[in-house]
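Colleague: Generate coordinates for the entire structure from the input sequences, incorporating the hints supplied.
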Amino acid sequence: MMRTKLISELKPRREITPSITGAKMMTGNVAAAWAARLAEVDYIPAYPITPQTEIVETLSQWIALGEMNAKLTFLDSEHSMLTAAGTSSLAGARVFTATSSQGLLYGFEMLYNIAGWRAPIVLVNVSRAVAAPITLEPDHNDFLSTRDTGFILLQTETCQEVLDLILLAYRVSEDHRVLLPSIVNLDGFHLSFTREPVKLPDVEEVRSFLPTYNPPYPFRAGKPSAKGVAVLRPPLYSFYKYQMHLSSLNAIKVFKEACDDFEAYFARRYDVVEKYMVDDAEYVFVMMGSFTSIGKKAVKMMREEGLSVGLLKLRMVRPFPTQDIRRALEGKKAVAVIDQNISPGLGGTLFAEVSSTLYNVEKKPRVVLPVIGAIGGKTLSVDEFRYIVELMMKYEQRGEPEPILLFREDELREVESLLKLGVGE
Amino acid sequence: MSRTRFSTLKDLLGEDYVEPGTPLCAGCGAIIALRLFHKALGGRVVWVNAAGCITLLIVYPFTPLKSSWMYTAMASAPAGAQGIRDALDILIEKERIPVEEDLKVVVVTGDGAASDIGLQSTSGAIHRGLDFYYLCYDNEAFGNTGFQYSAATPYGSRTATSPPTPLIPEGYRGRKKDLFEIWRAHKPPYVATVSPSHPMDMIRKIEKAEKYKGPKLFISISPCPPGWIIETMDTVKLAKLAVETGIWPLKEAVYGEVHHTYIPRRLKPVEEYLKIQGRFKHLFYPVRRDDVIAKIQREIEEYWRIVYDKELGKEDSGLT
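Residue numbers (this note's numbering), protein chains in the order written: chain A, 212 to 636; chain B, 674 to 993.
Hints in this document: simulated from the structure, not taken from any laboratory. Values in this document were obtained by computation on a predicted structure and should not be read as measured data.
What the simulated footprint calls covered on chain B by chain A, stretch by stretch (three residues with Cβ under 8 Å from a Cβ of chain A suffice, anywhere in the stretch; the number is not a length):
#1 719-732
#2 735-749
#3 753-762
#4 773-786
Taking lysine-lysine pairs in the BS3-like style, the calculated list, with each CA pair at most 30 Å apart, reads:
#5 Lys-739(B) / Lys-767(B)
#6 Lys-434(A) / Lys-739(B)
#7 Lys-452(A) / Lys-739(B)
#8 Lys-860(B) / Lys-282(A)
#9 Lys-850(B) / Lys-968(B)
#10 Lys-884(B) / Lys-913(B)
#11 Lys-434(A) / Lys-881(B)
Have a look at the derived ranges for each label pair, beta carbon to beta carbon:
#12 Glu-766(B) / Met-455(A): 29 to 37 Å
#13 Glu-854(B) / Leu-457(A): 45 to 53 Å
#14 Ile-274(A) / Arg-938(B): 51 to 59 Å
Where is the CB? At the ideal position from N, CA and C, for every residue including glycine.
Modeller: Written as structure tokens, this is what we have:
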């Protein structure tokens with residue numbers, strides 16, 4: 212069912228240069244909009260929410276200026292927006308949409324539907340912590356709440372990655388071996404409103420990398436079809452859910468193929484995970500998103516001090532890159548999973564997933580340390596990474612660690628003074 | 674309504690797009706309206722559905738429809754229609770599909786989905802001027818889940834969640850939400866009420882609506898044998914009595930301008946309509962509740978007094 216040839220097999224690879232010549236400064240939001248423009252999406256159902264709004268504003272402007280040929284409709288809610296996203300995809304359009312936090316949750320019912328409809332839309336989620344208490348600052352609870360929906364889930368660290376992963380997401384989602392929608396996540400503020408150099412690929416090359424969407428059974432007058440219909444025989448429901456699961460697993464292979472092709476076209480290399488000084492490390496941090504940049508800096512500094520540390524960044528969260536994680540982490544002394552989300556009463560979501568992935572590995576790390584931090588916009592400092600390494604070394608010797616809730620003294624002092632004001636002490 | 678494809682009932686024979694043998698209840702009023710709608714609109718249609726009785730029209734792998742079908746969710750069928758309409762428009766504009774592959778987009782939901790949970794989505798679609806049809810089959814309760822009261826349940830009805838008791842002898846104490854007026858307030862090109870007992874009125878309204886680009890919205894009374902507790906053969910009879918007693922006015926509004934398409938010269942007493950339905954039985958047995966019946970009658974008369982004042986005696990009164 213492969214519909215595109217791997218260009219990497221046909222074309223000699225271009226020389227990879229580290230220069231950022233030709234890059235433009237833009238925010239993560241504008242990079243996301245550029246990806247939609249370069250993917251030549253047909254339809255954008257939209258609804259505003261901070262910190263995502265700049266994406267649909269940018270697209271609105273391009274369409275109004277005639278620079279982009281797509282239809283953009285502002286719906287009455289994210290629930291309606293996602294409904295329209297799904298049905299328009301089933302009618303054969305390439306669909307882009309974006310939201311954040313409360314908006315994602317408001318439309319949540321439709322995420323399961325879009326995936327079940329096998330409608331390969333790309334949804335950009337600009338992470339923002341979920342109310343209550345209400346805030347604008349980021350964490351990954353909104354993104355990770357979608358983990359069981361059937362969407363392919365991708366995480367980004369830089370504005371360039373935002374653009375590139377959206378293009379890759381279309382390529383993987385629309386592949387008939389997958390046919391599942393994608394969410395590409397970028398951290399609110401830290402990426403959405405941070406300007407970085409972004410290389411814009413050539414539109415002709417993108418067209419070649421990502422040909423027009425070829426829907427399997429679109430709504431057409433000449434070929435009536437019924438979609439989203441009830442299945443009242445329980446084995447049918449299981450059958451379709453298993454199909455989704457197997458198709459999602461296909462996405463790992465399809466993503467890797469697409470990454471090879473992407474590199475051949477655009478000279479940037481991606482994989483389902485990114486290993487930063489992992490191979491020879493004894494202690495490894497596992498995390499995802501824009502905060503990995505801080506983690507990498509900490510790793511580099513500690514390496515210079517002679518500490519054997521590394522960082523494994525998860526780029527793909529669904530399907531879960533089990534094999535890549537196992538191969539990267541087997542034989543390590545200790546692993547610390549840094550969750551920027553919290554499941555109250557359990558701890559972090561990624562910790563549970565990474566731990567279960569490692570449980571059956573023969574040479575599994577002696578300890579997997581659950582760490583929760585950088586929730587609701589709280590930052591991470593290099594010192595905290597040092598502290599986590601100390602804990603890894605401690606628990607490697609003995610003990611059963613409970614989730615560690617990171618809170619620095621300066622932050623605690625700030626909270627205490629605000630609490631005093633709040634309760635009028 | 675000068676030029677019409679439907680002059681007499683015989684003209685309704687033509688092609689049927691709903692095959693016999695649906696899983697709906699015997700005597701369902703909704704399927705009559707849906708069949709007539711389909712005849713008027715032809716086969717190039719995609720139905721967009723919200724959760725309700727009609728959802729069970731299609732249970733995998735069977736469909737009685739010769740047309741296309743999209744089940745969405747309870748709250749957002751009009752948004753689903755928006756997505757399909759927008760996609761077809763842009764794909765035709767980009768010449769990716771030929772015009773002949775275009776479809777009419779028709780939302781079909783019950784009163785439960787239409788009256789509140791789906792109201793935001795409908796309001797949005799009308800406000801955006803979406804070119805679509807909406808058929809609401811109004812059985813005046815959440816029929817598919819076992820007849821609980823909805824925002825469209827009329828005063829005095831027994832439902833599974835408004836049982837008449839010594840404390841609440843009249844059953845449902847609320848009022849029926851006026852969906853026609855809510856829709857009309859958006860000033861769409863066309864809004865109408867219809868009844869399966871008046872097929873010519875219904876089909877000509879659909880035919881008339883086709884001339885307009887934008888939202889074209891219909892509410893059909895939909896007698897429901899299990900919920901209304903009536904004989905399955907009495908569906909059309911009940912719908913007809915609803916019109917003749919004046920409790921279900923047949924009307925249309927073109928860009929907000931209301932016009933009644935059938936004005937009963939003399940209203941039959943509403944009692945005739947109520948007393949043959951099990952859901953109103955408690956108004957007659959064991960004690961006759963004249964107060965409740967009179968209240969229902971009074972509201973109907975108040976409604977029609979205004980209509981008579983406005984529309985009777987005028988040139989285009991709609992008298993048939």
